[in-house]
Structures are given as C-alpha cells and as structure tokens.
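Chains H and U are the protein sequences, given in the same order. Quick note, the first sequence lines up with residues 1 to 109 if you use this note's numbering. Quick note, the second sequence lines up with residues 1 to 355 if you use this note's numbering.
Don't read these hints as lab results, they were simulated from the structure. Hints should not be assumed to be uniformly reliable.
Unchecked claim - Straight-line C-alpha distance at most 25 Å; calculated DSS-like pairs for lysine-lysine: (1) U/Lys48 / H/Lys68; (2) U/Lys221 / U/Lys175; (3) H/Lys83 / U/Lys233; (4) H/Lys68 / U/Lys233; (5) H/Lys83 / U/Lys204; (6) H/Lys83 / U/Lys175; (7) U/Lys221 / H/Lys68.
As the list claims (entries may be wrong) - Covered stretches of chain H, as calculated for chain U (at least 3 residues, CB under 8 Å): (8) 42 to 56; (9) 87 to 95.
Stated by the list, open to error - A short, non-exhaustive set of chain U residues, derived as facing chain H with CB atoms under 7 Å: (10) Tyr46; (11) Leu118; (12) Arg182.
Where is the CB? At the ideal position from N, CA and C, for every residue including glycine.
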Amino acid sequence: MSDIQITIRDREGATHKIQAPTDMNMNLMELVRTWELAPEGTIGVCGGMVMCASCQVYIDSTHPLPDKTDEEEAMLSEAFFVKENSRLGCQIPLENSLDELEVTIAPES
Amino acid sequence: MIKTDILIIGAGPTGLFAVFEAGLLQLKCHIIDALPQPGGQCAEIYPKKPIYDIPGFPEILAGELIDNLMEQIKPFQPGFTLGEQATTIDHQEDGTFIVTTNKGTQHHAPIIAIAGGLGSFEPRKPLLDKLEDYEENGVEYMIKDPERYRDKKVLIAGGGDSALDWTIFLSDVAKEVTLVHRRNEFRGALDSVEKLQALKNQGKVSLITPAEVVALGGSQKLEWATVRHEENKGDTSEYNIETDHFIPLFGLSPKLGPIADWGLEIERNAIKVNNSLDYQTNIPGIYAIGDVNTYPGKLKLILCGFHEATLMCQSAYQKINPNKRYVLKYTTVGGVQGFDGSKKEAPKAVVKAIV
C-alpha cells in the first residue's frame, strides 16, 4: 500500500494534511468526500461525470497534472469563481507523482 | 385539492418505481417535482450516460431507464404536478397531510414519500451586481413560456445544451437573439451545434465568444447588458447591448430546499430514516427513500432506492389499511392489474395429454 500526502484547504479556510491512497482508483473529489472536508451534497454532486463543477479546486502547487479533457474545459467554462489554476477534482486521479500536492476547494456555487 | 394515497416528492427513478410497488398494493400515487419533466437527475443531468449496475440491465442509458420506468408505471395512472416545488406541509388532525407547492397547488394524502434525491434543482445564478433586482423584470433562469419573448430582444448566456437549444428555438420567436459564451466551443449535441452555426451564418442569431456578461442596467426593468468580449487574444473590449431579456443558462444545482424546514431529522443534507424497518422518518407517515435519506451504511445507488421504495410501500399499506392482512404475491403469479383496466399476466401453461 502506498500513500501520498495532500494538503487541502477547505471552504472555511482550514488546512488539512491528508494521507491519500494511490492504489484505490480514487480521485481528488472522492478524497475530499471520504474525509468530509466539504458537506455532502455540495461536492461531487454528479458523482464524477464531469456534469457539474461542484468539485472545483485551485491547484496551489506546481505538480504536473493530466491535461484537461474537452469535457472538463467545457464544464469549467460554465463554472463560477474560475481561476487560471482551476481544475475539477474528479478529473485528478491520485497518483504517486502528486505527493505533497496542495489544493484549495473553490467556493460553493 | 389533489387527493391520493401516497404523495411522492421527486420524480427520479426511486419515486417512479414507488408508483409501481404501490400499484401492486392497489394504492394510488401522485408525484410532485420541481423540474418540468419526470426523471430527476437521470433526465436532467445525464440522460445520455450509461448505467451498468441496474440489475438485469448490463448497460442502459439513464434516459432509457426513465422511459422504461414511465412505461412500467403507466397502468397505475400516477398523477403529476411538474415544474412546481413542494414548499409547505400541514399536519391534519386525522394524521393526514396537505402539501402545498410554490404555485399554490394543494395535495392531500395520508402518506408522504420523499424521494427528493439531492434536492430540487435550482438554477445556478451568475455573480452579477443587481442581478436579483431584475429578476421578474427581464432576468429569467428558465424558459417557461416562449411566447413571452415574441418580438423581444433576448440575450442568452451559457454554452451547454439548454443555451444552444433555446437560442435555436427563440431565433424563430424573438426579434433578436444574442448568445454569449466564455469560449468559442460549445458543449452540446452535435446537431444543435451545427444548427446554431447555420443560424449564425444566416444572420438569425448573433454569437459573441469568448465573452461574458459583466453588468446589467436599466431603470425599473432590464434595458441593457455589458459584455466583455475578447475578440483576439489580449484584445478585450467592453460594450453595452440593448436587450429586453437576459437568460443565463448555467445549469442547475440541487438544494434540499424547503423540505429542510419540515421538522425532519437531517444529517449531512440527508433525511434520517429507520432502515431496519420501513424507511420512515421521525414524523410518522412521512417516509424518505433513495438518495435523499441516510442511515448507517447508506449507499446512494438507484438499485438501493428501488429496494427502499418497495419496503416503504408495504409499510404505507399497513398504515392505510391497519386491519387488513397482507400476503406477498409475485407478479409472475398475480400479474399486474392496472387502474386503467389493463391486465398483464403470465400465459397459462398448456396441460394436455400426449397420446
């Protein structure tokens, strides 16, 4: 079992250092839900189908991430509070290369 | 006043299947849903996405599942109050309930089954100053009566299916239609994108991309919107567009809404129920089934909602008919007898001697 460390700032501004598994086919949105860092019903609403933007996060570190798919680009183009470093958490699988990743959960909209 | 045996709130798969199970027990159902069509998330968010864990269906599109459920419950003639949100509940002295919608439609039933999923879908509003001042005065988030836009100037914002579809539809109705989207690319069915391209080429709609509406203005009612338009990379200008209506279509997000104030025990945006028995809430006669409920070990799966709906109906039957004894009959044995007079049953086996 291999774990990586991810730092997540929640919507209230609190910081959480989370040990995240890389061998469970999990993504960043699911990690936030597992640890209940945002209330149920306000994150991952569509379950990870890239059909809402409730799992939007800002990437605060410089880790290389998978490119945005057309679907993710399109969804973000309709989301609110979008910044240059916005991504959808459901599109970021937890992998070893993301050790010490730092993210902030975007406001609910 | 609409009267029924079980009033179901939410027309998603769980709510629809509850109609079938209730029908087998000769109980009538009426469904309220805030969306204009049945199907809940399956119809609104992901109709074209496949689902792989519906028992007996190796693969089925969410939209097809809803069509199938509608067909399955047809014999039980459910009533629908669509496009209205259940807002208040009044407890009657005899233990029954009256539920009233935001449009004042009243429903009277001895049993309430909340199958509200993640809540009722409310439009996502763009972050614009004075937006709320113009609601009902030029700003609308849903198009209910297209005639309202006849010979008017309409500005639509968004890049998904509903923005595309309404732009195309209103191009025949309104005097002018302008669509503003943050990107040049649109996310929608291919034929809608092609149709829009054709309308643009014919000059029937104006497309402004990549751009966004950044301000609204007008005295008393909406008169103009300010658009920030990036014509070329790094070349951004702001200008005003005269318009009678602004329709931002940025999707819908579910909110538990008024149900949260009905006195039900709520935990993490879900309604607590008794899962060891019948999925009843802390208020006798009110049940919660499907994604809207919570209990130890809860899984938000459609197949779990079907199970919960089935047990809920048994409990509702006992509550409505306290003196009747009930024995479960398989549909293969008893068939399905609709309230519409239809009857489905297994064909009789042929018993004949071979000589």
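Do the hints match the structure? See the list:
no.: 1; hint: U/Lys48 / H/Lys68; verdict: holds, 22 Å
no.: 2; hint: U/Lys221 / U/Lys175; verdict: holds, 18 Å
no.: 3; hint: H/Lys83 / U/Lys233; verdict: holds, 17 Å
no.: 4; hint: H/Lys68 / U/Lys233; verdict: holds, 20 Å
no.: 5; hint: H/Lys83 / U/Lys204; verdict: violated, 33 Å
no.: 6; hint: H/Lys83 / U/Lys175; verdict: violated, 36 Å
no.: 7; hint: U/Lys221 / H/Lys68; verdict: violated, 40 Å
no.: 8; hint: 42 to 56; verdict: holds (count 7)
no.: 9; hint: 87 to 95; verdict: violated (count 0)
no.: 10; hint: Tyr46; verdict: holds, 6 Å
no.: 11; hint: Leu118; verdict: holds, 6 Å
no.: 12; hint: Arg182; verdict: holds, 5 Å
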